[in-house]
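Can you join these two chains into the complex? Each is in its own frame, and there are hints to help.
Heads up: the sequence lines are chains R and G, in that order. Count along the first sequence from 1, add 171, and you get the number used in the working numbering. Count along the second sequence from 1, add 1, and you get the number used in the working numbering.
Just so you know, these hints were derived from the structure itself, not from any lab. Backbone N, C-alpha and C fix where the C-beta goes; we use that ideal spot for every residue, glycine too. Among the hints, erroneous ones may be present.
[Unchecked claim] The list that follows gives simulated cross-link-like pairs (lysine-lysine, DSS-like), each with its CA atoms no further than 30 Å apart: (1) Lys-202/G <-> Lys-484/R; (2) Lys-460/R <-> Lys-321/G; (3) Lys-496/R <-> Lys-11/G; (4) Lys-202/G <-> Lys-321/G; (5) Lys-216/R <-> Lys-496/R.
[Said to hold, decoys possible] If you want the footprint, here are the derived chain R segments under chain G, 3+ residues with CB under 8 Å: (6) 431 to 444; (7) 450 to 461; (8) 559 to 573.
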Amino acid sequence: MDFNDSPEEAAYRAKVRGWLEANAPKGAKGASLGDETDDQLDEAKAWQRKKAEAGYAQIHWPKENGGGGGTTLQSVIFAQEEARVGASLGGPFAIGLGMCIPTVIATADEETKKRFIGPAVRGDEIWCQLFSEPAGGSDVAGIRSRAVKDGDDWILNGQKIWTSGAHYADYGIVLVRTDPDAVKHKGLTMFWIDMKAPGVETKPIHQMSGSSGFNEVFFTDVRLKDSQRLGKLNDGWNVSIITLMNERMSVGNRVGEVGGGSLSLLKLAREVIGDDGQTMLTEAALREKLADWYVQSEGLRFTGMRALTSLSKGQMPGPENSVAKLVMATLAQDLANYAVEIEDQFGVISDPSVATSKAASQNTLLNSPGMRIAGGTDEILRNIIAERVLGMPADIRVDKSVPFKDLPVGR
Amino acid sequence: MNFDFSDDQKHLKDEARRFLQAECGADRVRKVLEDSAQTHDAELWAKVVAQGWLGAAIPEEHGGLGLGHLELCCIAEELGRALAPIPFASTVYFFAEALMLAGSDTQKAAYLPKIAAGEIVGAFATSERPGPLSLEAIAAKVQGGKLSGVKLPVTDGSIATHAIVLANEGGKPALFIVDLAAAGVKREALETIDPTRNAAKITFDGAAAERLGGAGEGFSLMEQVFDRAAVLLAFEQVGGADRCLEMAKQYALERYAFGRQIGAYQAVKHRLADMYTKNVLARSNAYYGAWALNTQAAELPIAAAGARISASEAMWYGAKENVQVHGGMGFTWELDCHLFYRRSRQLALVAGAPRVWKERLVSQLERRNAA
Chain R
172 MDFNDSPEEA AYRAKVRGWL EANAPKGAKG ASLGDETDDQ LDEAKAWQRK KAEAGYAQIH
232 WPKENGGGGG TTLQSVIFAQ EEARVGASLG GPFAIGLGMC IPTVIATADE ETKKRFIGPA
292 VRGDEIWCQL FSEPAGGSDV AGIRSRAVKD GDDWILNGQK IWTSGAHYAD YGIVLVRTDP
352 DAVKHKGLTM FWIDMKAPGV ETKPIHQMSG SSGFNEVFFT DVRLKDSQRL GKLNDGWNVS
412 IITLMNERMS VGNRVGEVGG GSLSLLKLAR EVIGDDGQTM LTEAALREKL ADWYVQSEGL
472 RFTGMRALTS LSKGQMPGPE NSVAKLVMAT LAQDLANYAV EIEDQFGVIS DPSVATSKAA
532 SQNTLLNSPG MRIAGGTDEI LRNIIAERVL GMPADIRVDK SVPFKDLPVG R
Chain G
2 MNFDFSDDQK HLKDEARRFL QAECGADRVR KVLEDSAQTH DAELWAKVVA QGWLGAAIPE
62 EHGGLGLGHL ELCCIAEELG RALAPIPFAS TVYFFAEALM LAGSDTQKAA YLPKIAAGEI
122 VGAFATSERP GPLSLEAIAA KVQGGKLSGV KLPVTDGSIA THAIVLANEG GKPALFIVDL
182 AAAGVKREAL ETIDPTRNAA KITFDGAAAE RLGGAGEGFS LMEQVFDRAA VLLAFEQVGG
242 ADRCLEMAKQ YALERYAFGR QIGAYQAVKH RLADMYTKNV LARSNAYYGA WALNTQAAEL
302 PIAAAGARIS ASEAMWYGAK ENVQVHGGMG FTWELDCHLF YRRSRQLALV AGAPRVWKER
362 LVSQLERRNA A
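So here's chain G without its partners, still in its complex pose (with noise of 0.2 Å):
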């Protein structure tokens, strides 16, 4: 039994740590958050190319480091504990995956190696309106190569080159690969709970597009695409869920009241007690995912919904409580408990939310366990 990350991932973990702390302090989150005018943070995208990280899990071959998914992994926790304002989800989660996923070897070349160099920023635009996807929720459509429609919200899509774009064809869902630069796209940056975490509106009107995958296989493709970004989210999310118990705990250490500690009054003890136990839950089932990733396992499915639904809940507790620990202080912009609040929903959305996931996951169960 080998149910833990080996020694050289773990490495590179820790490394991932150091770097993190030095590039990305709580300061420059919050120049992000601060500054409508930053989509992000440019100089730490720049340091994050330089580190290789893009290409983490992309085959040498075309450029990536050819790692794999369990570093990918080890990455993903360290930037979702440090709330990294960059676009490394949407472009390595997503667009990345989804074309190792459903490229040809042609769309693989052109676009693979850009990824990993940093010269692809990418996005992926499925949701147009309020609600979970459906075949009903999809207007954009394809007509001779050209793309209609308007997506929003798109994570990243004020900063992206590229853009996955979900759109039908013929009646049917496809997945197309559209340039931003070019004619027929116009973008605006959208206001979300996250200012951290950029999204826009991307109006397409008869847009180049590319198709990726099959004719018809847009829904399928897209699931298999969030089952892979949702195993990676649930690092950042368990990431993000570990900090916010640190905190609560150095508060409840540090502020006294009625002449103790907070931390010795049970009603906080047991509620980092309760932190602590979806934190070890959602690591436990994150790992699972990323086994099941890691090895292309025909559980990922369920193990991708276990590990979002999971995670999902543990950072939102986790942050909701860190903020609840701290008390008045909590809720003040000055302190950071909010950049992971924040942050916490921005994660438990950008993929479908949890309770799509328990339908999906209820839905696999019952195959799985036939009657």
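With the rest of the complex left out, here is chain R (with noise of 0.2 Å):
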């Protein structure tokens, strides 16, 4: 049992290295995901055009993709470099290559993979997800947006939300009723969008964090090809299933750092003082509660190198990442509103020249309802936990077996 990378992986790692000290972009300020100013955009573009030119984007794709033709490992040995030097910049290709294209490749024909793969490997095109409506988000078979037979096209009419980056994507992937007749699993299907098309209106939601790197997406007679048609007919819920299962095996950098958040946590105990003229951290009732932050986060670490091992011998993680998101959105948002706590009067500071850290904090405690919500609400995680993991009856649906035209909607 040891950290070591196998001699293959230490070459590996040690090539990537040289690599990444020769041409990674110094001081790059990467932006959340969908805030992203035009120049943080550019950059990241730039960066992008030149991992692919070398090799190194999508390194666990085949070449014929557009990929360097690696394993999984060593996209997650250059990721972990990429880091360390600070050029993480695929934030907003992440949805495209994690997401969009395995599905465009999993489904299109030839003529359209090739338009698409290459430019969105090399950063040229951006794509976005457009599953979820106000109608429907973990109830993603729930939803309404319509698209009608024209002749060889089809019109569609009505409203995603929740999409990130649709402001800047080129294209998306978008999941579409098609037969409201069907019941409600059975009447969806799944196209390809131009996000510059007559009809496509994106407008940016106000989060309650004050940014907005989520959009609503409406379309007004949007024309669509059957070309675009990813898929067979009215069995998009299929083709979403592909879209979800690959995001779920994306690959980043999956070993976060020692300690989460808790060693901020500490530097800021730190150098709080407290009513007794002694500094934060050694509040006794503090002491316990970072202890228990850092021992749950150095599980996710831990984990997080259960499943690089896995990998490692050429199999693939067990179940017990799924975990993963689940603990530490909870784990944010309490460990900030603790730090913000423990500041007194003073947490409700949130300009970043004024507030500890920046604000970082108080950012956290805004941003992190979000990460509770996003990729998966804790909610529906558990029940993922529950059911495919441990092998729990799924819960009773009343909707099943009815026409979609004929489900009950409410707010």
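Rendered as structure tokens:
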């Protein structure tokens, strides 16, 4: 049992480290997904292109798909080294390369694949994923955006919501209803869509955190060609499962930093003076919480290492990593709130030039509710763990065999 | 990256499980639980001795199998899963580890082979009163090679042939090896929350005591022993917690209410998911502890604390929610849920409670992240 690279992994790491040292952008400033400025996007695109030219974009993809023809573990090693030099600028491309393009690869014809794969891998084109709607987030199959046949084309009307990066995306994959008379899972179809097509309108969502990385996307009589269909007519649900499976497998830097955010809390506690004239770090209650969060964070980090070990052996990681987001989101929220509270009255200040740690806790406090909801809510994740990992029976569904048009709707 | 046990170690684990399934069913655990005259399962102990497990981490030159601590972790997990009612932890995780850590060559040669052969049952006696250990909490003292004082609870104190005792000598704490069959030792079994693990009150009155380790090193040696024991105990806790989840899962599938399996209800489903989550984290933290123990890494104090804190939480949550999922039946003597509930407390307390380990962890983090 050890953390060392195998000789092959070590050689690969040394190679990519050397390449990164010579080629990675210095002093890059990433941003949270969707909040990138134009300059940040340009920098991200330039870096993606450079990596693609050297075979370091999508390392685990076959070369014929623009990838590096390497292994998943090599992809992870590169991501770790990239993070080490502060060049993790791949955010804008994560959805496209992690979800949309794999869907295209799985379902589209050669011409479509050829048209889209290369530009996506090079970072020339950015994709977004258009699934969620006001009518259905957790209930993905309950979506209502409607595509009606018109000759060889489809006319799309409806709305998507919570679309990351839609405001700068070039293309997207969109799940729409094509047969409202069928039961809800059997009347859906997937298409690729040009985000600049007439009738597509993107509006930023003003999030509770103040920023607007997510969007609403409105479709008014948008014309889609049948050749834009991904997969069979009315088989969109199965296509969406392919998309979501790929989301689960998308590999990034799985192993986080030591202690997660708990060491930032330790540093903060050392700086804030308590009512006894000592630093807050001397306070027993704080020390106990600090220990709990440190141990939880480290548990996640070591769980990631177990997954990497499986990859290293050429095996699929087990289901243990399904706990990662579930634990992380609540940990982040609770820790941020605790940090804000130890600052006492001062904790309300969110001006980064006045607040502690450039208002990092205040920001996390306001962003963390989204983390507990996006990409699978806490509740859905628990359902998934219980049902898929532990084998519990599914809940009763009252809508599975009802024609979609007859389903009740609320707010 | 190879953050996993080897195939050989996994094989050993499977063998251990098979052995314990055959030799340590719940009925055997219950016999010790229900018969207050039985301090442990002597028949099982003899079979475990014959397996060579006591010497798994003892070097071959001292009569052990010379495998290592990773193998011992694998055995520990299975013992925890089976709730084995034997003095394995005291003898191996505390007594033997203390000897390997601090023993002179003579002491190692005198005791380790006998431990491996099952001729010595060891205990580790530190506690004297309620509350965490501290210098003020130690009244036991050694003068002229004679130990006086009262220790309680001493886990496996009724069964042990020898004990390592924390006592003051010349006003400074040290560890001492005591032959419990010798004069000046009086033992009384204690009634505890977990009768499947014996504990005793031992009164020493001029008992012969042989120092283990340096003068004044009692506390630092004790902490080092506790670090090692914490990792091994964490594997017992992980084994127990996993078993609790299995039991709860099975019941949730078999029990019907309102026309459905209760596992279909989200309140139950989400509870199981939370048990699973804590168990995953506990196992991962235990693995890190295993690595640190096996490599004698500088990170061992932090790794041991993480392993103990995480595993204690997982087994506590798992044990109490296992009762909950079983509803009324979970609250009966007849079902096995309470066996795990009881053992989860014993394991969480025996090497110092989690709250103390959390303080130790933060102290280590402060040192490592000096301003």
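Item to check | Violations among the numbered hints | outcome: 1
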